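J.: Starting from the structure of chain A, add chain B where the hints point.
Here's the letter readout for the chains.
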Amino acid sequence: MAIESDIRQQVLDRLQQVTDPEINTVSIIEMGMVEKISGQPPKVTVELIPTYVGCPALDMIRRDVIESVRQVDGVEEVEVVFLKHPAWTSERITPEGREKMKEFGIAPPPKSGPGGTWTVECPYCASPKTVMQNLFGPTSCRSIFYCQSCKNPFEAIKPV
Amino acid sequence: MSAKYSTAQEAMQNASYVSALKELLYQLADDDLLISHRASEWLGLVPHIEEDVAFSSIAQNTLGHAAMFYQLLEELGEGTPDDLAHLREPDKFRNAILAERANGTGHYTEDPDYDWGYAVIRNYVYEAFKRLRLESLTASSYSPLADVAAKILREQFYHLYHWETWIEQLSHSTSEAEERLNNAIRKTWEDVASLFDLGPAADQIRSGGLMGDMEEIRRQFTETVRAKFEAAGLIWPGEMTSGDFSGREGKHTEELRMALEEIGSVYRLDPAANW
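Taken in sequence, the protein lines are chains A and B.
Mapping the first sequence onto our numbering, position 131 (from 1) lands on 131, and the numbers just tick up by one.
Mapping the second sequence onto our numbering, position 129 (from 1) lands on 289, and the numbers just tick up by one.
In case anyone wonders, no lab produced these hints; they're calculated from the structure.
Bear in mind that the values here come from a model prediction, so they are computed numbers and not experimental data.
No residue lacks a Cβ here, since even glycine has one placed at the ideal position from N, Cα and C.
Some hints could be false.
[Stated by the list, open to error] Residues of chain A placed beyond 10 Å of chain B at every Cβ, according to the derived structure: (1) Asp6; (2) Leu12; (3) Leu15; (4) Ile29; (5) Ser38; (6) Val72; (7) Glu76; (8) Tyr146; (9) Lys151.
[Said to hold, decoys possible] To give an idea of the chain A side of the interface with chain B (calculated C-beta under 8 Å), a few residues: (10) Thr89; (11) Ser140; (12) Lys158.
Just chain A, with the same shape it has in the complex (with noise of 0.2 Å):
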């Protein structure tokens, strides 16, 4: 069922809210993993694709998406379907997501899919002259460089 525009606005609004526990500056709707909003107050589906099959933050998503959204006027019930089709790419996280990632410390991923070797630019200083460390980084997702310009060791996220 198609959902009212004002009600789809207020959602939008609190998944605004919700972000990646792991980056915390970052929105789900910037990162690219809200599909689809629908169903009429009191019950409000949203659709999720889940970014790294493994993430164990998609559990706690799955909650805070669940409170958010419950607070919006008349819903009570919301569902929370992470869907298998289509899937994440690191493409989809928004220019909003990747300048607040670079807030965060952590480089945007490269637009060139999954790859052995990459270059990001420093997320502190801007400086091209960064070298990877580790292909492998804190979670799943990210990578470890090195930036050769400011000396800062930062994480990236891996282009997928």
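T.: Frame of chain A, contents of chain B only:
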């Protein structure tokens, strides 16, 4: 051209199709569960801290892949992913023997004698195979499985790349490294055929269009892995030969029984606990 199924409900209308589908899903899920368990046992024991970060990340991701396949089984009425992973008896597991092999002797908490060369070769071989199998599954007649395979492929790129890098670096380092890699290849080859075994439902898996031709996957695997070993100056061990028993038929080693005891030990204490 075989029929396509886009939901669990549709698939369940066709009894022989769904039974082959479940067999295949158990193979996919159990392979990833066991290989990721073996990876997790290396935590804190690998050569350096960067590898600890990388290997544990791969292990966590691979466990997530297993969970996706268990979810597909749940949609077909097989039970929850937690129950499937933790409560089944060894003879219900359908993983390849290669995935269940212990890392070495001892226990990770006590006197572990694990061989890093074996970890590198076993995991490289598994990921090289997994990539080809996933590519084949993207054309599966069961579209939820095709979607999951396409999604996993994008992440799995990094796993395969990781082990390729290790082979390149070690094979061009010392003669000890080269010798240990060659020993590991011989050991891995005792089990490698188990990956290509589709078990008793092989004919139905093929005729139902659940995945492509396994012989073609084997041919591509042989070509890719042989080229990789030869470029690294390692010895290609020749044709793979089948083992005495098949994990796809629920026949396993004592090593699997001990691994499952460990995997399920906490869950069985209190299956109703919240995590």
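J.: Hint by hint, note whether the structure agrees.
T.: Each hint, compared with the structure:
1. Asp6: holds (33 Å)
2. Leu12: holds (25 Å)
3. Leu15: holds (22 Å)
4. Ile29: Ile29 of chain A clear of chain B: closest Cβ-Cβ about 20 Å, beyond 10 Å.
5. Ser38: holds (18 Å)
6. Val72: For Val72 of chain A, whose nearest Cβ neighbour in chain B is about 27 Å away, the distance exceeds 10 Å, so it holds.
7. Glu76: holds (23 Å)
8. Tyr146: holds (12 Å)
9. Lys151: holds (19 Å)
10. Thr89: At 7 Å from the nearest chain B Cβ, Thr89 of chain A passes the 8 Å test, so the hint holds.
11. Ser140: Holds. Min distance 5 Å.
12. Lys158: holds (7 Å)
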